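Participant: Numbering (our numbering), first residue to last: 1 to 188.
FYI, nobody ran anything at the bench for these hints, they're computed from the structure.
Only a predicted model underlies this, so the values are computations on that prediction, with no experimental measurement involved.
Even for Gly, the Cβ is constructed at its ideal location relative to N, Cα and C.
Incorrect hints may appear among the rest.
To be verified - With a straight-line Cα cutoff of 20 angstroms, these simulated EDC-like cross-link-like pairs (lysine to aspartate or glutamate) come out: (1) Lys64 / Glu108; (2) Lys64 / Asp90; (3) Lys94 / Glu34; (4) Lys94 / Asp53; (5) Lys40 / Asp83; (6) Lys56 / Glu25; (7) Lys68 / Glu25; (8) Lys40 / Asp90.
Unchecked claim - Computed beta-carbon distance windows for the label pairs: (9) Glu22 / Asn72: 17 to 23 angstroms; (10) Pro110 / Asp30: 17 to 23 angstroms; (11) Glu22 / Ser112: 29 to 35 angstroms; (12) Asp86 / Lys23: 32 to 38 angstroms.
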Amino acid sequence: MPKNKGKGGKNRRRGKNENDREKRELIFKDDGQEYAQVIKMLGNGRLEAMCFDGVKRLCHIRGKLRKKVWINQSDIILIGLRDYQDQKADVIMKYNAEEARNLKLYGELPDSAKINDVQFDNADENDIIMFDDVSDATAGAQPTVTELSSSEEEDLTDESSDEEVEKYKAPVKSYASKKGGGIDVDNI
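Please take these sequences and the hints and turn them into a complete structure.
Facilitator: What follows is the structure in C-alpha cells.
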C-alpha cells in the first residue's frame, strides 16, 4: 500500500493565499490594455465590463485568475484588448481598493470612476438629514437638504405623554406563571 506523503488534498492548497495582504507593485496599462470596471458577472469565467475608453466589452477571466482571484461587480480590472475582436477582451489582473485609489490619484482612472470602498468623513451619528417638501418637483424646483444638530433633534421629538403611549401598547401576559407552566391554547 502506498504511503501518504503529502499534508492534505486540494482543499488545503486552495487556502494558500498567504501573500494576499502584502503590498504589491502597482501595474499600469501598456499598449493593447485598458482599465475597466465590472458591470455584471455572467458565469462560466466571463463578465461584462465598461472600459474607461467608453466601450462595453465581454471579458474572459483567464485560467491563472480562475478560482484564485475572486472578481465581483464594480471591481476595477486591467484587461487585454484583442486585435481581431473589439467587443471582447481578457482579464489580466484585478486591482484591490487601495490600488484603484492610487490609480485614480495618478490620473490613470477618470474622476467618475466609483471605487467600492466608500468612506464617510464628516458623518456624525447624531446628525439627521431632513428633506423639504417635494410637492413642487413637477414644476422643476429642486428639493433642498437641511442638516439638524442633536440639540435641534431633541426639540422635534414628539411631545406625547406617557399615558398616550401606554394606551396603545398591547398588554403583556405571562403564560409561564400558570400552574402547568405551559401555554393555554384556548385563551389565546
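Participant: Give me the numbers of the hints this structure contradicts, sorted from smallest to largest.
Facilitator: 1, 5, 6
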